[in-house]
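Can you build the whole structure from these sequences, using the hints too?
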Amino acid sequence: MTEEKKISREELLATGENIKAQYNFLVFITAVDYPERNVIGMVYHLRSLGNRDTLIIKIDLPREKPEIASVAGIWPAAEWHEREVFDLFGVNFLGHPDLRRILLPPDWEGSPLRKDYTKPGVIKRPETIK
Amino acid sequence: MIIGLIILLLKIAAVLVFISLTVLFLVYAERKVSAHFQVRYGPMRVGWHGGLQMIADTIKLLLKEDITPKDVDKLVFFIAPILCFVSAYLAYLTLPFSPQIVVKNLNIGLLYILGVTSLTVLSLMMAGWASNNKYALLGGFRSVAQIISYEIPLVLSVLPVVMMAGSLNLITIVEAQKSLPFILVQPLGFLLYLTAAAAEANRAPFDIPEAEQELVAGYNVEYSGIKFSMFFLAEYVNMFTICALAAILFLGGWQGPILPPVIWFLIKVYLLVFVLMWVRWTFPRLRIDQLMSFCWKILLPLALANFLISGLWLVLK
Amino acid sequence: MNDLKNLKTEEYFLSMGPQHPSTHGVLRLILKLDGEIVTGATPDIGYLHRGLEKIAENRAYIQIIPFTDRLDYLSSMSGNLAFVLTVEKLAGIAPPPRAEYIRVIMAELNRLASHLIWLGTFSLDLGAVTPFLYCFREREKILDLFEMITGSRLTYNYMRIGGVAADLSAQFIKDAAAFIQDFKFRVAEYEALLTQNPIFLARTKNVGIIKADKAIAYGLTGPMLRASGISRDNRRDFPYAIYDKLSFDIPAGTVGDCWDRYAVRVREMRESAKIVEQALSGLPEGNFKTKVPLSLKPPAGESYAPVESPRGEIGFYLVSNGTAKPYRLKIRTPSFCNLSIISHVIKGWKVADVVAILGTFDVVLGEIDR
Numbered sequence: 001m002t003e004e005k006k007i008s009r010e011e012l013l014a015t016g017e018n019i020k021a022q023y024n025f026l027v028f029i030t031a032v033d034y035p036e037r038n039v040i041g042m043v044y045h046l047r048s049l050g051n052r053d054t055l056i057i058k059i060d061l062p063r064e065k066p067e068i069a070s071v072a073g074i075w076p077a078a079e080w081h082e083r084e085v086f087d088l089f090g091v092n093f094l095g096h097p098d099l100r101r102i103l104l105p106p107d108w109e110g111s112p113l114r115k116d117y118t119k120p121g122v123i124k125r126p127e128t129i130k
Numbered sequence: 001m002i003i004g005l006i007i008l009l010l011k012i013a014a015v016l017v018f019i020s021l022t023v024l025f026l027v028y029a030e031r032k033v034s035a036h037f038q039v040r041y042g043p044m045r046v047g048w049h050g051g052l053q054m055i056a057d058t059i060k061l062l063l064k065e066d067i068t069p070k071d072v073d074k075l076v077f078f079i080a081p082i083l084c085f086v087s088a089y090l091a092y093l094t095l096p097f098s099p100q101i102v103v104k105n106l107n108i109g110l111l112y113i114l115g116v117t118s119l120t121v122l123s124l125m126m127a128g129w130a131s132n133n134k135y136a137l138l139g140g141f142r143s144v145a146q147i148i149s150y151e152i153p154l155v156l157s158v159l160p161v162v163m164m165a166g167s168l169n170l171i172t173i174v175e176a177q178k179s180l181p182f183i184l185v186q187p188l189g190f191l192l193y194l195t196a197a198a199a200e201a202n203r204a205p206f207d208i209p210e211a212e213q214e215l216v217a218g219y220n221v222e223y224s225g226i227k228f229s230m231f232f233l234a235e236y237v238n239m240f241t242i243c244a245l246a247a248i249l250f251l252g253g254w255q256g257p258i259l260p261p262v263i264w265f266l267i268k269v270y271l272l273v274f275v276l277m278w279v280r281w282t283f284p285r286l287r288i289d290q291l292m293s294f295c296w297k298i299l300l301p302l303a304l305a306n307f308l309i310s311g312l313w314l315v316l317k
Numbered sequence: 001m002n003d004l005k006n007l008k009t010e011e012y013f014l015s016m017g018p019q020h021p022s023t024h025g026v027l028r029l030i031l032k033l034d035g036e037i038v039t040g041a042t043p044d045i046g047y048l049h050r051g052l053e054k055i056a057e058n059r060a061y062i063q064i065i066p067f068t069d070r071l072d073y074l075s076s077m078s079g080n081l082a083f084v085l086t087v088e089k090l091a092g093i094a095p096p097p098r099a100e101y102i103r104v105i106m107a108e109l110n111r112l113a114s115h116l117i118w119l120g121t122f123s124l125d126l127g128a129v130t131p132f133l134y135c136f137r138e139r140e141k142i143l144d145l146f147e148m149i150t151g152s153r154l155t156y157n158y159m160r161i162g163g164v165a166a167d168l169s170a171q172f173i174k175d176a177a178a179f180i181q182d183f184k185f186r187v188a189e190y191e192a193l194l195t196q197n198p199i200f201l202a203r204t205k206n207v208g209i210i211k212a213d214k215a216i217a218y219g220l221t222g223p224m225l226r227a228s229g230i231s232r233d234n235r236r237d238f239p240y241a242i243y244d245k246l247s248f249d250i251p252a253g254t255v256g257d258c259w260d261r262y263a264v265r266v267r268e269m270r271e272s273a274k275i276v277e278q279a280l281s282g283l284p285e286g287n288f289k290t291k292v293p294l295s296l297k298p299p300a301g302e303s304y305a306p307v308e309s310p311r312g313e314i315g316f317y318l319v320s321n322g323t324a325k326p327y328r329l330k331i332r333t334p335s336f337c338n339l340s341i342i343s344h345v346i347k348g349w350k351v352a353d354v355v356a357i358l359g360t361f362d363v364v365l366g367e368i369d370r
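Residue numbers (my numbering), protein chains in the order written: chain G, 1 to 130; chain R, 1 to 317; chain E, 1 to 370.
Some hints here could point you the wrong way.
Cut-off 27 Å, straight-line C-alpha distance, at most; resulting in silico cross-link-like pairs (BS3-like, lysine-lysine) [what the hints assert, rightly or not]: (1) 184(E) <-> 115(G); (2) 5(G) <-> 89(E); (3) 141(E) <-> 205(E); (4) 89(E) <-> 115(G); (5) 115(G) <-> 350(E); (6) 5(E) <-> 58(G); (7) 174(E) <-> 245(E); (8) 89(E) <-> 297(E); (9) 184(E) <-> 134(R); (10) 58(G) <-> 325(E); (11) 134(R) <-> 32(E); (12) 134(R) <-> 350(E); (13) 70(R) <-> 134(R); (14) 54(E) <-> 58(G); (15) 54(E) <-> 115(G); (16) 6(G) <-> 89(E); (17) 325(E) <-> 291(E); (18) 58(G) <-> 115(G); (19) 297(R) <-> 350(E); (20) 347(E) <-> 134(R); (21) 70(R) <-> 32(E); (22) 74(R) <-> 60(R); (23) 60(R) <-> 70(R); (24) 5(E) <-> 32(E).
If you're looking for bench data, these hints aren't it; they were derived computationally from the structure.
And the structure:
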């Protein structure tokens, strides 16, 4: 059974605490960019390992200042997923233990998976290479 | 006087040639043996069944660029492989292949061989330290810990043989086994010796200092070309040494019916070499702490007990 | 004596990888070491990042299939399968029964090939070289089978939306059945070399334990989760293709140490052989592909279809806006989630154990970095 829930970003932590006993398994966290609605949509895909139910939580964030509380304290698996979303979408996760770029080099500019990202003209060499 | 010197030099040169040929053959044998254990053919292209492969490899190794990395301690980095090879080589100066074929018959031959072969540890540490590389350093540390620890059960395991033969002279020890090879009265001593010696020579499953999967190559990771080949050479020379020593101490050396003594000696040595290869290509590698506890908690008590019982038996006999 | 008092020890950093024989690709582990003991570890990934998720937004659906080969390159079939199932789910396409059987046969053979590589490289990590060659001997035969049908040996590009690219030949069916017969004895051969070997046991038993609650919290899937005693397998929990018609066991461990992860995978190989056998004997006649327009336009919406790859759950989260290209394609890969626990597991173990533990993680950097 798959359930879908749309909540606001303020409700995320409270909802997470409520459902974490049942939906104990975080499958993934990702984001989808909707420039025409001026929204970055967060997607939390959760699963209950007990009865195999799926819960998808969706949260819309404003594109200019996408900020949301980190759920790494509720589901530790979120740590890397949130770093990836931060890396590729530029979403800021408040209270994340170690928010750094994960796939791209640390000095990369921009958020490649946003729809308005254009390919960089010249890719900078990492500073370590002389 | 001068003629004597020339003969000595010739002998030394002959040993050098012998060592080189032996290593060539050992490397070839190892590659073939491992290949057949692993359902492969091994070298097949150069010469008959790849017989000339090792010569081609040697030429390649010697012609390769000899790189000295920028940040190494140049002098120590340069000396280490030479010391490693020399310490391996020195053992052969007193190793008897038959009563006649020996460069210099020392009356403390066994002590001398055990002494010079343990010089290896110094060169490994030097190489690990001078390379200025963390992997090499870890390899150097490991080799010091391992080789020095295993030295003790190694010496303890050969002492009963010395007591029974009443001499440290290798030829005398072989002569003492005329009627009965010592392996039959010292089976435990033989096993202890072979285990400790394999660890001493960094043979798998005790090849922890150069554990390829952990330390990339350990102490010799920064070496290339001819310096690397020195380490490589020394490794196989040491393998031959420990097997030769085992043959002398426990298997009755060159003694045997019909065939000439040298042939008998080589047969015994290569049999042991084959056993070592067999072990290497079968077992996984131990971890450094397991290796040390194996040495101190199992090998050492066993060696001491063996030493004590042999002593008592000799006294009461 | 004074000199000795001034001696001090300090922790140091060892950068293991991205070029290192035992990190299985371009993984970099920054280890903080106290002598040989690991006191901290930071994994550094992204060396193989090719931006597949971004590329996918600019490709037609059928053009994305070859990219899924390059995720988990040791089991391309699982990647293929997960993607086509996701698109089929969204577009409401049902493949013919023969295609479903063929998909299962291929996916399971690929699981065998992948586990064989894992077993070989894992024993290599522990210093046992010979099992590696034994495993590759059998993997070679599987690759020959794949080559016979798909024409390639690593990146097959074989699954299609609505079926598979080519039908199985009679020769393939004969050879595959013979291979499976032979394979059962081969597994016993690998086990004889490793399972009860005292050195192997000393290196793996009680090393790198992952407790069940930790495993769930960090989102581990596949053999990693099952070794910790949680019997969860997408093939049984969310049956796709024909897995609900087949009988097979889900092996699980108890302790969650390296040995359990080893044992689970070895037993999975036997189960996979059983599955291939059943699927081969039940293979129905018929078409292997339904007609699907080349420029497929699935309805607007989203779908996710989890598949059990040899490493765990691989799934594509697909958002479509009704055009011929996906609006967003998120790839949920098992290695990425499995690796996220590594810094907690290797703390307190020795450098040699790091290699052993990482070996049992069975990561493929292609799907971590995407």
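Inset, instruction - If any of the earlier hints don't hold here, list their numbers in rising order. - result: 1, 3, 5, 6 and 9
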